[in-house]
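Here the protein sequences come in this chain order: A and B.
Heads up, the first sequence is in the numbering used here, so the first residue is 1 and it goes up one at a time.
Heads up, the second sequence is in the numbering used here, so the first residue is 1 and it goes up one at a time.
Just so you know, the hints here were simulated from the structure itself, not pulled from any lab data.
Careful: at least some of the hints might be erroneous.
[To be verified] List of simulated lysine-lysine pairs, DSS-like, C-alpha gap at most 25 Å:
| id | chain 1 | residue 1 | chain 2 | residue 2 |
| --- | --- | --- | --- | --- |
| 1 | B | K97 | B | K127 |
| 2 | B | K97 | A | K41 |
| 3 | B | K202 | B | K251 |
| 4 | B | K97 | A | K54 |
| 5 | B | K161 | B | K202 |
| 6 | B | K127 | B | K54 |
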Amino acid sequence: MSASAQLAVDAKALKVKWSLMVLTVAMFIALLISVGIGPMKISMYDALSVILAKAGFMESQVSNVVHSIVSSIRLPRSLLAVLVGSSLAVCGAAMQGLFRNPLADPGLIGVTGGASLAAVLMIVLGGTTFSWLYSYLGDYTLMIAAFSGAFCTTMLVSKIATTSFGTSVTSMLLAGIAIGIVTGAGVGILTFMADDAQLRTLTFWAMGSLGGATWSTVLAAGTMISITLFCLPMHAKNLNALLLGESEARHLGVNVEKVKRQIILLAAVGVGASVAVSGMIGFVGLIVPHIVRLTLGPDHRYLIPACAVLGALFLLVADMISRTIIAPAELPIGLITTIIGGPFFIAMLVSRTRSNQL
Amino acid sequence: MKINVIWLFLCTSLMPALVLGAPQSIVSADGSLTEIVYALQQQHRLVGVDTTSKYPAQAATLPQIGYKRNISAEGVLSLAPQVLIATEDSGPDIILKQIAEAGVTIERYSAKPGLAVVREKIQGLAKLLEVEAAGDALWQQVSTDVARARAKLSQVKEPVKVMFVLSTAGGSVLASGADTMADAIIGLAGGVNAISAFTGYKPISVEAIVSAAPDVILMMARGGDHGGGEDLLAREGFKLTPAAINNRLVKMDGMLMLGFGPRIGEAINRLVADFYPRLDVAATVQ
Chain A
1 MSASAQLAVD
11 AKALKVKWSL
21 MVLTVAMFIA
31 LLISVGIGPM
41 KISMYDALSV
51 ILAKAGFMES
61 QVSNVVHSIV
71 SSIRLPRSLL
81 AVLVGSSLAV
91 CGAAMQGLFR
101 NPLADPGLIG
111 VTGGASLAAV
121 LMIVLGGTTF
131 SWLYSYLGDY
141 TLMIAAFSGA
151 FCTTMLVSKI
161 ATTSFGTSVT
171 SMLLAGIAIG
181 IVTGAGVGIL
191 TFMADDAQLR
201 TLTFWAMGSL
211 GGATWSTVLA
221 AGTMISITLF
231 CLPMHAKNLN
241 ALLLGESEAR
251 HLGVNVEKVK
261 RQIILLAAVG
271 VGASVAVSGM
281 IGFVGLIVPH
291 IVRLTLGPDH
301 RYLIPACAVL
311 GALFLLVADM
321 ISRTIIAPAE
331 LPIGLITTII
341 GGPFFIAMLV
351 SRTRSNQL
Chain B
1 MKINVIWLFL
11 CTSLMPALVL
21 GAPQSIVSAD
31 GSLTEIVYAL
41 QQQHRLVGVD
51 TTSKYPAQAA
61 TLPQIGYKRN
71 ISAEGVLSLA
81 PQVLIATEDS
91 GPDIILKQIA
101 EAGVTIERYS
111 AKPGLAVVRE
121 KIQGLAKLLE
131 VEAAGDALWQ
141 QVSTDVARAR
151 AKLSQVKEPV
161 KVMFVLSTAG
171 GSVLASGADT
181 MADAIIGLAG
191 GVNAISAFTG
201 YKPISVEAIV
211 SAAPDVILMM
221 ARGGDHGGGE
231 DLLAREGFKL
241 TPAAINNRLV
251 KMDGMLMLGF
261 GPRIGEAINR
271 LVADFYPRLD
281 VAATVQ
């Protein structure tokens with residue numbers, strides 16, 4: 001490598017380091033603001049004192065209501081935004097790398113279809129056919145069902161696309177679309193059977209919300225999502241090799257079949273857990289990786305961590321808007337991510353098509 | 001030991017006085033409950049309402065907590081209520097739990113249709129607000145209204161067949177089957193639901209409309225695509241029904257007709273008059 005090329009690489013690495021640092025700082029600031037604002041007027045100082053008191057640093061002198069709002073409503077909710085945001089963005093990036101398609105998102109491998117079918121099944125038949133499940137799992141029935149649904153459909157899609165020659169990415173895409181149609185039909189039938197109250201519930205579920213966040217959901221989803229967030233970056237180099245093409249990656253010594261299986265499994269866990277706790281939050285998995293790729297380039301070693309941080313930041317901001325814009329009512333967060341994400345994505349498509357980059 | 005017993009006695013006797021004082025700030029997550037609070041003249045205690053609270057019109061000027069099945073925990077808490085009044089179908093449950101954990105008392109009432117539920121809501125709220133006398137008077141007025149309608153209905157020999165049309169948007173007709181608010185109010189007003197083959201609100205085919213042969217079409221009075229308006233009777237299917245032939249389309253404000261609130265007596269009487277316009281009113285006065 002020539003000296004000038006080495007210099008360029010160093011400059012690039014420096015830029016990436018700085019960007020990651022700035023993003024991380026911005027995310028922590030957003031996290032603090034997120035705990036500090038909401039429909040209830042609580043001063044930033046009071047909000048922070050609750051957190052510091054919880055961590056054992058100081059005595060908090062706020063009222064019980066303020067304490068309970070900050071520690072059992074805002075804090076778990078903000079942490080859930082961080083978890084779900086990073087998980088959706090990272091899984092989106094991994095899917096796009098795996099399918100070598102900039103439009104890929106976790107919906108393609110059946111995650112969202114399976115999760116919504118299971119969730120709608122519980123909403124509509126939870127009171128009758130599946131009431132025994134509710135008696136075992138209580139409030140978490142819907143989440144556990146959505147997660148299992150996501151996981152099972154993804155495994156099914158992957159099974160359909162796997163032959164003795166390995167997993168074909170093209171068949172997987174087609175199988176994903178087909179399963180999506182089948183689960184969509186199931187959701188349609190259940191929607192037809194639903195009564196007025198259930199219809200409303202399932203409509204709102206499909207718009208996404210972090211409103212149900214409690215410490216136990218944070219803990220449950222956090223465990224699953226951490227697995228994905230820790231393990232996916234280990235595949236960064238493999239994903240880089242896959243960008244060249246499957247046979248090229250094989251020649252570079254990548255065990256392509258194993259890598260594919262593991263990435264799909266990790267994405268199913270990450271997205272499944274996110275959808276289970278927050279419903280459908282669209283566009284995060286699509287636009288966040290795109291923004292990062294446009295600014296930092298396609299190297300997955302930087303792409304994945306940057307996506308994790310930017311995804312968390314994006315969802316924190318979207319959730320703050322969701323909570324405050326029509327307070328004391330709440331606008332579903334899925335609507336906000338789509339309202340911001342849709343036009344942004346179109347603008348990006350237009351500018352890239354003009355310069356023939358897509 | 002003795003001192004302990006005295007303390008215990010003092011605490012238990014004073015506690016209810018401290019805790020159970022009539023709540024002065026209330027958030028309502030149901031339109032019919034809001035109506036009852038207004039009917040009891042206790043609206044000054046309301047600090048927030050949901051989007052179904054549209055009557056009386058002043059209720060809509062109070063802070064909005066959103067749709068009753070999709071309320072936000074912090075949104076409600078920011079209004080600092082002592083009590084949240086809701087029905088069984090308000091929610092989500094997980095949010096109500098969070099609100100309760102923050103120290104707000106939650107009073108839930110049944111969401112099922114029926115006069116018993118109206119009574120339970122009126123008397124329950126009156127007790128909560130410590131205006132029992134006003135509550136009894138309000139229920140008395142409702143039951144008098146209902147009795148007046150029943151007296152009229154006793155002369156009816158052949159009940160009319162009524163089809164409730166929820167909406168005609170999107171080309172298909174959404175009609176009410178059994179087990180709905182609409183089904184219940186039709187029954188209370190002396191009609192028979194023309195459709196009993198299914199429960200809830202479902203789309204039905206043109207042929208099913210013809211074969212149901214309703215004498216009256218009942219709709220909510222509201223604008224836009226839901227209305228359908230007078231031209232509904234001229235539509236395919238509807239135009240072959242007795243309702244269209246005799247031009248009998250009845251429209252009523254949705255909250256009045258289906259709210260199962262304090263105005264239910266008025267709703268029933270108006271529907272009876274619309275269903276049976278030829279009933280001899282004079283004969284029932286005695």
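Here is what the structure says about each hint:
1. B:K97 / B:K127: holds, 23 Å
2. B:K97 / A:K41: This hinted pair holds, its Cα atoms lying about 21 Å apart.
3. B:K202 / B:K251: holds, 20 Å
4. B:K97 / A:K54: holds, 22 Å
5. B:K161 / B:K202: holds, 18 Å
6. B:K127 / B:K54: holds, 24 Å
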